[in-house]
Amino acid sequence: MFENDYRKEMDTLHADPAALEKIVEKSTRQRSWRKQQFDRTRPVLALALCLAVICGFFWMPKSPAELTPKTLSAVSTESYESIYEKIYALKKNINYVNRCGNFTTDFIAESVASDAVAKTTTTGSVNSGYSETTHQVDGVDEADFVKTDGKYIYILHQNKLQIVSADNGQLQSSSTVSFDESNNCYANEFYLSSGKAVILLNEFDEKAETNYSKITVLDLTDPKNPKTIGSCRQSGYCSTSRLIGNTLYVVSWYYVNFQTLKKDNPSTYVPTVASGNYEESVRCDTIHFCEESIAEPSYTIVCSYDIDNARLLATQSLLGGSQTIYCNTENLIVTSFDPKDYNSTVASLFSLNKGKINYETSQSLPGTLLNQFSIDEHQQHFRFVLTERTENGTVNRLQILDSKLQPVGSIGDLAPGETVYSVRFMDEYAYFVTFRQTDPLFTADLSDPKNPKIIGSLKIPGFSNYLFPYQNNKLLGIGMEADEQTGRTQCMKLSLFNISDPANVTEEDKTVLSDCNFSPALYDHRNCLVDAARNLIGFSAYRTNDMVYSLYTFDQNGFHQIAAVTNAVDCMFLRGLLIGNYFYVISDRNVRAFDLFGGMKQISSVQF
Amino acid sequence: MGNGISFQRDETAVLFRRYADTVYRLAYARVKNQYDADDILQEVFLRFLRSKNPPQDEEHTKALLLRITLNCSKSFFTTAARRHNVPLTDTVAQPPENRETLDAVLRLPKKYRTVLHLHYYCGYSIDEIAELLRQNPSTVKSQLHRAREKLRVALKGVEF
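Chains P and H supply the protein sequences, listed in that same order. In this text, residue positions in the first sequence follow this note's numbering: the first is 1, and each later residue adds one. In this text, residue positions in the second sequence follow this note's numbering: the first is 1, and each later residue adds one.
Careful: at least some of the hints might be erroneous.
Mimicking DSS-like on lysine-lysine, the simulated pairs with C-alpha atoms at most 25 Å apart in a straight line are [claimed, not checked]:
hint: 1; chain 1: H; residue 1: Lys74; chain 2: P; residue 2: Lys26
hint: 2; chain 1: P; residue 1: Lys459; chain 2: P; residue 2: Lys474
hint: 3; chain 1: H; residue 1: Lys32; chain 2: P; residue 2: Lys8
hint: 4; chain 1: P; residue 1: Lys196; chain 2: P; residue 2: Lys356
hint: 5; chain 1: P; residue 1: Lys8; chain 2: H; residue 2: Lys111
hint: 6; chain 1: H; residue 1: Lys52; chain 2: P; residue 2: Lys26
hint: 7; chain 1: H; residue 1: Lys74; chain 2: H; residue 2: Lys111
hint: 8; chain 1: P; residue 1: Lys8; chain 2: H; residue 2: Lys110
hint: 9; chain 1: P; residue 1: Lys8; chain 2: H; residue 2: Lys62
hint: 10; chain 1: P; residue 1: Lys453; chain 2: P; residue 2: Lys474
hint: 11; chain 1: P; residue 1: Lys22; chain 2: H; residue 2: Lys32
hint: 12; chain 1: H; residue 1: Lys156; chain 2: P; residue 2: Lys8
hint: 13; chain 1: P; residue 1: Lys196; chain 2: P; residue 2: Lys224
hint: 14; chain 1: H; residue 1: Lys62; chain 2: P; residue 2: Lys26
hint: 15; chain 1: H; residue 1: Lys74; chain 2: P; residue 2: Lys22
Simulated from the structure, these hints should not be mistaken for lab results. In this text the structure is predicted, and so the values were computed from the model without any measurement.
Produce the complete structure using the sequences and hints provided.
Structural data, given as structure tokens:
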């Protein structure tokens, strides 16, 4: 019988569980809210994208010889009219739909900057008493939706900030701050700093049909009764942010709305910033852009805020989009696609100094970046790991640039046919994983920036999505196990690499989580709890029918799972935290406390 | 607002898990390889989320999902990138084992594969398939007829 045979054979096919979980995850966070906002801009975006694809076809065939870094020269604009002409030309010009260009605006309240930041260099240091958000650079905090100050756990979920007292495992709800004033405001992430919470919100202004990134500062001195100190806002969606001391840097993306574009009204095409009770368009005399990469009628706006007083310090913008952003205490690198060649990345450097932002220079690099960990700065040199897509498949490249983004040294043509899956720079060494069927973990010696060398490669099946330095001379990899023959991913795995001899990295142990097929920790480093001092590794993962939060430890015998917390079927784990001797698991419904030294017994829980 | 969203989300997650394989298998029958089928699966659910009036009952939800799958796989075939590239068949990654019938179906032209799948796998009647494909029932009927004839040759007299 045909029908039976066909059914039987068809039933052996299954959707990739990882792809499915990704889409479930995608759909569950913020989608319903965003849908509403994007409705008007979507036709414009769609048109832009179509043109981008068309243009892309004309530019795609590039000979490898052309793939070298090239410096872009930025100029500043003189008046709003000239910006208008640029933007209007983009509207008319069929070739416009590329990305990038640069655009700078100067300080609004420069004088406030200096003293506000000078005294607060200590807050970023690692505190062993409780977990901080997993971040890339020490001293540079990254926003998250769960944070703790050691006494309270703060959870920003569904537009509400829940404040839960942790008190040695005795959880108790203290208060809830709701940001649901109107449907057009949505709280994304937040920071904690010296008794204050800084909430990052996206706001949609229906009248002007534009988006704003709003910053609201709350005073948490009395956690039962948090008070709002003040708000600021800047044009555009908040794409990322960093907190250095008590200076907050926010990068947003503002798309010019052609439907409301008016020449005599600069606020329809120039981003605005608001602080206290004034709101104004950013000044034009400091606006920069790169003629060769001007493309898209959008801006990337970088603003700095003094969070103690909820005040704007400085603002700068780039004309064009932004993808990956790297930030350390002195420099901010914003990258975007090169408009002329989607296979290239334009890196723009801003120097940060106590709230002041200065646009320095831009550089076009061949290849695309994986994530923020693909960029690093060490001793005045910027290091990038890029994947180039050529006619003959992919190749990977390590590029070293000096403090002015001029090329110094590079290693090209690495691992042809493979793609970068994770990168970690550690001082003079770079570790990165490329993958097609097996996982070479490359070690590069960068001690001589002019002459970087690959000194080792370890081939093992599967790949790591994130690499974390762990204890002394160890590197922890969180990733997927894959079939060596086909390269198809199978399940999650944890690997611990011994890097005491960088030229000869070995895999000390690995554990394969055969029932976990996907995890948010594979694409969001903040989901990984890595506490090397206490020897604990935590992350949440999807299993076939539910989600689990696993806590692992490592000793001479290898990895050991010390806890696996499960929840109701469709409950999502957000984060795990350590405070003192207690371990807290936060999901979208509840917080639960476990005793680390008491057999992981659940002590209390709070629902919300 | 909070409750509304979480309720909607749970529903969505459950719904996705329930229909993932249904959508995936139709997409597979259309595009013939697992990677593109996975892509289409994602696209289908995204489009489903964006639909203005999602149906309330199961039968209509399933029909809508299948309808979106047909559309997605159709636009998939007509995109420029697709026309400029050689399609990847599953034989590269996964040597077919014991799937003689399925492979025979996959060798048929797309329109025959689609009606066969909808009829024999999804269990739709000719009228229902006609509605789903926005075609005349007699067209569907003759396509189904020809598909069976081709299969009889390919599978050496298989019975229906």
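Practice task
Hint by hint, work out which the structure violates, then give me just those numbers in ascending order.
Solution key: No numbers; nothing is violated.
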